[in-house]
Amino acid sequence: MIDFKKYTLENGLRVLIHKDASTPIVTINTVFDVGAKDEDESRTGFAHLFEHLMFGGSVNIPEFDAPLQNVGGQNNAFTSNDITNYYITLPKQNIETGLWLESDRMLSLAFTPESLEVQRSVVIEEFKQRYLNQPYGDVWLILRPLAYTTHPYKWATIGKELRHIEDAKMEDVRAFFFKHYTPQNAIISIAGDVDSDEVIALIEKWYGDIPAGNKYNRELPKEPKQTEARFLEVKRNVPQNALYKAWHICDRMHPDYYAYDLLSDILSRGNSSRLYQQLVKEKDLFTEIGAYQMGSMDNGLFIVSGKVKKGIEMDEANKAIEQCLSELTSELVDEKELTKVKNKVESTDTFGHINGLNKAMRIGYFELLGDANLANDEMKHYENVSTKDLQRITKESLIPSNCSTLYYISEKKD
Amino acid sequence: MEVLNRNIAPNFKEITDIGFQLPEQKKLSNGIPIFEYNLGSQELVKIEFVFEAGTKHQEKPLVASFANSMLKEGTNTKNSLQIANAIDYYGAFLETEINADFGTISLYTLNKHLDKVLPILKEILCDSIFPEKEFKQKLSIKKQKFIINQEKVETLASVEFSKLIYEGTRYAQHTELFSFDTISVDDCIKFYKKHYNLNNATVFVAGKIKANLHSQLENLFGKEDLSPKTDDFAIGNSTYNPSTHSIEKKDAIQTSFRIGKPTLGISHPDYTKLKVLNKIFGGYFGSRLMTNIREEKGYTYGIGSALISRMDASTFIIYTEVGSDVTQLALDEIRKEIKTLQQVPVSAEELKKVKNYMLGSLLQNTDGAFDMLERFKTIHFHNLPKNHYEQYMKEINDTTSDDILKLAQTFFHDLTIVAAGSKKVN
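Protein sequences, first through last, are from chains W and H.
Residue 132 in the numbering used here is what sits at position 132 of the first sequence, and the numbering runs on without skipping anything.
Residue 528 in the numbering used here is what sits at position 114 of the second sequence, and the numbering runs on without skipping anything.
Honestly, I wouldn't trust all of these hints.
To be verified - Computed list of lysine to aspartate or glutamate pairs in EDC-like fashion (alpha-carbon distance at most 20 Å, straight line):
no., chain 1, residue 1, chain 2, residue 2
1, H, Lys460, W, Glu346
2, W, Lys281, H, Glu662
3, H, Lys622, H, Glu632
4, H, Lys427, W, Asp251
5, H, Lys530, W, Glu346
6, H, Lys530, H, Asp541
7, W, Lys310, H, Asp595
8, W, Lys283, H, Glu632
9, H, Lys526, W, Glu346
10, H, Lys622, W, Glu96
11, W, Lys235, H, Asp781
12, W, Lys92, H, Glu632
13, H, Lys711, W, Asp251
14, H, Lys556, W, Glu63
15, W, Lys380, W, Asp251
16, H, Lys559, W, Asp349
17, H, Lys622, H, Glu548
18, H, Lys566, W, Asp349
19, W, Lys19, H, Asp781
20, W, Lys412, H, Glu428
21, H, Lys492, H, Glu548
22, W, Lys283, W, Glu316
Please keep in mind that the hints were generated in silico from the structure rather than gathered at the bench.
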């Protein structure tokens, strides 16, 4: 249970405050309702590039990091296809420094050409380091456009190609900021040993005069229903074949979300899970294998991926995965097996309550989904999933006509 | 209404106290030492058994890590699936970990399931049998992972760096492809019997500790007879010689650098000053290396430096991956930053910022039972005084700009440079 108080400023900024007296550290988490899905298809990678620019100085404060480091604070940020999330952790007595810095960059950035030039090169190096210069690093650049034909989830957060980053212009940066980085598009959540009235007063002080901006209304193209199995094979200079399968599933707020999540746990969480036991240990077909759902806000993907053992045919490996899934449709999962994955969710949730940053991010994210209280209802939803639900969703969704399969083939000479 | 002046930073308070606590120290009746942090509001606990069973203790590569990871693969009464089920069913986590000095097995569980899962931990530690089939399978899986990792420039650079920096000592051991053909189950069993012996265990507990936890530990572990510990370990003498190496990886679009040298250990009186110097140079996001090479030049996604304190050796290391086309330029800039620290005193403002940042990090790293436990392990295993962190804070505060200048002048010599990628360096 994460207790919190909610407060909304006149400019639309929402504030959530969670008191935890056991820690000397305060977290200030700011989530903006903008992600890679809000990008123009001809200018992808922008939300993430923009996240970098948020550290390049704001309208009144030339440097973001140094004043924070000076009061013993740390910060970081991440961008996904759905959101952009910034966080600061610092000694509780210095909370105002964090609010001062965060509020100024919500007010406006400095938009210096140097900052754009440098962050452009940094992001290009990030693109290389994480996606191009790593074995299997480009898989999401291939799999996303295979699974999505229409919805902007078809490109990765880093962007479709380096060129889009190389071509980014200052006017694009400005426009992006004033469109998305408005108070009504943001949620601040604070966790720590704080007095909520004092925090609210400080937030009024630093954020109260930031103009509300225009409301951004998201209208994303819907992904049409997939009706035919898709298949792609690529050859890469990697030592081992890999297999990726992606099925379309529901969105984050759909009641079945929890069933898909537990289903992925049944398949691959822990050494007792089905895919590991059957395909790695018993049949010796894969050297590693995993299943998960992407957790995206709009209709998401259910993924099974693995590295295929040397000497095993790809088709055989693929069939074995399908066989494992078809067992889930022909026979109900054992109650005990379902209890097992529910117990795991419960303990993960409990361990997640130790950390202030984790709690602040969690309530902020659920507020963005519609209501921070949902963060505290999740366990109940997991609890309600039945073995019949698991069978039903497997039958409905984890079927060939709804699946994209990628053979990632090693063409290394050894 | 008062007009807000956003150009001026709000007042702040310096960190004077981190609230670090020492754990409660106990012993089981056979002498196994236990350190407990009973803190936190969540009904959960972590129990960690640490053994002197690191890679430095092995006679050949891979043995220590296989002895560690095979712990979950079978006992006299349970096969690997039964062990996994017994742990997973109760939502617990059993994690094995290995580093150069220690082998660790940790159990994370909700308090309500502790009595169900703790006996599994006992069985694993006292009764593992290392089944041949599981071993063979794991060997082939790890071999595949090893081959994949060899494709990464950062793996190539860091393995070569370790070889060079620890030359002459047991820390220089490294895995090659053929190592996978030379290790046997018997090697692992021998290692397990000697090193995962309760006479070699230190136990750490953190979380909301229930009154009956101690008796549970006592019943399971306290009644075992402990054989006397044999200590025949010697780390060996360093034959370190600085050198520069380029490892060719055709077509790599980034070059991975590992640059550094052996350095003074954590108990040395100048160690804290060296930490301050390292912070300024490459130890945080606002460091000289990061500011220049990422934030001004855009040569990299990340660059940093660190001090690594192992039990029997300490290392200074600079690490980064840079665009292939700027390989030599990046190295020149690293050298330039070293020279600057040796010639120009660090400003009072920068030094203050670094000190405050270090104190803030310490505060963040002692937040709660789990973090304090990690900090205490440093005190315990390195045999540091109980007031180590108070002393450390004082030494940070006492460090002067002159200290940093002098230290930079004596410290930054004899560096070994390893670069892996498609470009050579000089």
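Verification of the supplied hints:
1. Lys460(H) / Glu346(W): Judged against 20 Å, a Cα distance of about 16 Å means the pair holds.
2. Lys281(W) / Glu662(H): Judged against 20 Å, a Cα distance of about 37 Å means the pair is violated.
3. Lys622(H) / Glu632(H): With Cα atoms ~18 Å apart, Lys622(H) and Glu632(H) stay inside 20 Å; holds.
4. Lys427(H) / Asp251(W): Outside the cut-off at roughly 45 Å; violated.
5. Lys530(H) / Glu346(W): 16 Å, holds
6. Lys530(H) / Asp541(H): 17 Å, holds
7. Lys310(W) / Asp595(H): Answer holds: Lys310(W) to Asp595(H) is near 17 Å, not above 20 Å.
8. Lys283(W) / Glu632(H): Roughly 41 Å between the alpha carbons, so the hint for Lys283(W) and Glu632(H) is violated.
9. Lys526(H) / Glu346(W): 12 Å, holds
10. Lys622(H) / Glu96(W): The hint is violated at about 32 Å.
11. Lys235(W) / Asp781(H): 48 Å, violated
12. Lys92(W) / Glu632(H): Not satisfied, since the Cα-Cα distance of roughly 40 Å exceeds 20 Å.
13. Lys711(H) / Asp251(W): 41 Å, violated
14. Lys556(H) / Glu63(W): Not OK: Lys556(H) and Glu63(W) at ~45 Å, beyond 20 Å, violated.
15. Lys380(W) / Asp251(W): Cα-Cα ~18 Å, so holds.
16. Lys559(H) / Asp349(W): 31 Å, violated
17. Lys622(H) / Glu548(H): Status violated; Cα separation ~36 Å.
18. Lys566(H) / Asp349(W): At roughly 35 Å apart (the allowed maximum being 20 Å), Asp349(W) and Lys566(H) break the hint.
19. Lys19(W) / Asp781(H): 15 Å, holds
20. Lys412(W) / Glu428(H): 56 Å, violated
21. Lys492(H) / Glu548(H): It holds: about 13 Å lies between the C-alpha atoms, which stays within 20 Å.
22. Lys283(W) / Glu316(W): 11 Å, holds
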